[in-house]
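Protein chains: 2
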Amino acid sequence: MADTATRAGLQLRSTVKKEGIVEISIAEVPTQEPKPDEVVVRIEASPINPSDQGLLFAGADLSTARRSGTADRPIVTATVTPAVMRSVAGRLEQSLPVGNEGAGVVVQAGSSPAAQALMGKTVAILGGAMYAQYRCIKAVQCLVLPAGTTPAEGADCFVNPLTALGMVETMRREGHKALVHTAAASNLGQMLNKICLVDRVALVNIVRKPEHVDLLKKIGAAYVCNSSSPTFMDDLVDALSDSGATVAFDAIGGGRLAGQILTAMEIAASKTAKEYSRYGSTIHKQVYIYGGLDRGPTEFNRAFGMAWGIGGWLLTAFMQKIGLEAAQKLRERVAAEIKTTFAATYTKEVSLAEALGIDEIAVYSKQATGQKYLINPNKGLR
Amino acid sequence: MADTATRAGLQLRSTVKKEGIVEISIAEVPTQEPKPDEVVVRIEASPINPSDQGLLFAGADLSTARRSGTADRPIVTATVTPAVMRSVAGRLEQSLPVGNEGAGVVVQAGSSPAAQALMGKTVAILGGAMYAQYRCIKAVQCLVLPAGTTPAEGADCFVNPLTALGMVETMRREGHKALVHTAAASNLGQMLNKICLVDRVALVNIVRKPEHVDLLKKIGAAYVCNSSSPTFMDDLVDALSDSGATVAFDAIGGGRLAGQILTAMEIAASKTAKEYSRYGSTIHKQVYIYGGLDRGPTEFNRAFGMAWGIGGWLLTAFMQKIGLEAAQKLRERVAAEIKTTFAATYTKEVSLAEALGIDEIAVYSKQATGQKYLINPNKGLR
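For the record, the sequence lines run as chains A and B.
Once you know that position 127 of the first sequence is 127 in our numbering, the rest is easy, because the numbers rise by one and skip nothing.
Once you know that position 302 of the second sequence is 302 in our numbering, the rest is easy, because the numbers rise by one and skip nothing.
Treat the hints as calculated values from the structure; they're not laboratory data.
Worth double-checking, as some hints may not be accurate.
A pair holds if it fits inside one copy or across any two, identical chains being indistinguishable in the list.
What the hints assert, rightly or not - Each computed DMTMM-like pair below joins lysine to aspartate or glutamate, with the alpha-carbon atoms no more than 20 Å apart:
#1 K271 with E93
#2 K321 with E174
#3 K18 with E275
#4 K274 with E93
#5 K366 with D61
#6 K17 with E275
#7 K366 with D294
#8 K348 with D72
#9 K138 with E325
#10 K329 with D199
Extracted from the complex, chain A is given alone in its bound form (with noise of 0.2 Å):
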């Protein structure tokens, strides 16, 4: 039955001190009692996405990382350069909890049906503050994993599976009939290649590495382009003329690969062109940059007439733009595919403290395919 003592748990906490480094500690912090509508979830599995490691590290300079403190309580800093902080000045002194997402059990919950129902039921939450041994949370948020699922399973129901179905949808709003997709050889891209392949959405993908477009090729994929290969561009131009993508969404941000692909396009666009305009194709051409794994700056030469944008795109911003209902229909499509097309697959599942190893972060903080981290707030605890 319900544990209704008040619990104390740890707590993963990144703050930016004025004097210009990040420190990330792990503080003992009680779990709040769960109000009628809410319940308490032991956290199991929770992913470290990109998507996190901007919040956990502030964009700090992790060659400067240092760690003090004990084996249990460990304490990492490491510097934030003067432009970075100016980046940051919202959240300076503020102790933050980390972890956009996760999946454990209902170990308590409050008094009204629809949170008595969860207990003992292996859910997925969203919102902040997973890295932590217990969240409460408000049952309705929850997300009730089929029987059998782990929380490892389950611990990335929202992040990578929404945003990659958040793709195509834009995709679709925007009146595009393909898409492109860089860093495509990453956990979310795989997840994108199923989907495509299932909706019958034609996907160029860009890698960087020739055993990546294998792997791709393996699942499926139709376009792999590589970006490291001395052909590319041209193999880029084919692939955007065959498939008609003309909206790319870029986790990689920096560099030129987001100018690249315009300028791909617009080749692709202008092959099919009547007569010459000085202002190049009137095919709108875009680029969503949702990611930073090139943390640089971005660059490109505008070799794509005038029909073109690049922006941001968010998750959240995206979700809240196409209204409950549908954005209700993409989480049940998860649940759903949450053992197929929305598989995660990890490289190391660490605790709290091993999260805050030196040799853990220079690791999953390369953000490099394949060397996804899961932490597990309760490993070595119970």
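Guided by the hints, dock chain B onto chain A, whose structure is given.
Chain B alone, transformed into the frame defined by chain A:
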């Protein structure tokens, strides 16, 4: 009465040759016989707008410009680099007429009453091939200038006035309440200031020289920021906070300015934020690039959250989007205010042959503020 003899006239032509040069010359071409609904305009004034120079020079390296031919029929050639050749592939070996807009006197008219009614009138026209002694065009495309208006006064009735009006209209339609303009001391920029004063719209002007600050202040500009000042970013943030501008129109294109504007908009937006969001403010910030005074690459560091966009803005695409009726309203406003709000100033009036002088090209191709040329294709020929 109508002069019905088919006449020949000089016309400026630009050709990109496959060996990697642009060749600009003056051809004698027969003037089309007007159909019933057409008229022939003797062009007496046509501005060299930045938007004309792309077609005229094809992005050639003008430091390599050489003049040959005769004094009356000069030929200018200049090298087009391989990178640029790729972007102008669609016009290879085509001899293209140049000149978006102009004004002159109707000297021949088709049989329809509408065409006949224009005989002898001074009209402004848009439609290309204006760097020519004569231009045959549909009567309905002629904007009759108010009595007492000279062709020089009416030469710039379309591109700059409609672009300036289009910016304010885009601002309104996309839900912004104030706007930013770069290269703001230009003819276009001064028109935009006059429009915004009349319409009571807050406008943040960005210029590159102290004397341009004075110029704009004198015509009543409330916000003028000098991008070469060491306090530029702080000045810009203050102006954006005060005005609430969240959309910018950028004539520069290359370099870091577009990104600086978005960064300053984000800092201004964050000042009113209630709590820290790692994804930045939720207020959409937009920069439209409508020119390329700096032909170098565009570079930005994405230090402005996720709610942002950069894109191309093109007058013809905008006019199509808003529809005939709205477009006609804008045109009528221009005609009514051609000697006040939309008055343009020119440095020099040149003939077609003079426009192909190497020294003249060196001046007007810089597109510097206060160095705007007017071509009179009939200068010295009548």
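20 Å Cα threshold - placement of D72 relative to K348: within (19 Å within a copy, 78 Å between copies)
Regarding K329 and D199, is the shortest C-alpha distance of 20 Å or less found within a copy, between copies, in both, or in neither? Within one copy, since 15 Å is at most 20 Å while 45 Å is not.
Please work out whether the CA atoms of K17 and E275 approach to 20 Å or closer within one copy, between two copies, in both situations, or in neither? between (59 Å within a copy, 17 Å between copies)
Have a look at K138 and E325 and pick one of within, between, both or neither, based on CA distance no larger than 20 Å. within (19 Å within a copy, 52 Å between copies)
When no copy is named, should K18 and E275 be tagged within, between, both, or neither for a Cα gap of at most 20 Å? The answer is between: 17 Å across copies meets 20 Å, while 59 Å in one copy does not.
Under a CA distance limit of 20 Å, which applies to K366 and D61: within one copy, between copies, both, or neither? within (12 Å within a copy, 42 Å between copies)
Measure nothing new, just compare the shortest in-copy and cross-copy C-alpha distances for K366 and D294 to 20 Å and report within, between, both or neither. within (10 Å within a copy, 35 Å between copies)
Within, between, both or neither: K274, E93 at alpha-carbon 20 Å: Between copies only: 15 Å across, 60 Å inside.
Can you tell me if K271 and E93 fall within 20 Å by alpha carbon in one copy, between copies, both or neither? between (55 Å within a copy, 17 Å between copies)
Between the shortest in-copy and the shortest cross-copy C-alpha distance, which are at most 20 Å for K321 and E174: within, between, both, or neither? both (13 Å within a copy, 15 Å between copies)
The structure is consistent with each of the numbered hints, conforming to all of them.
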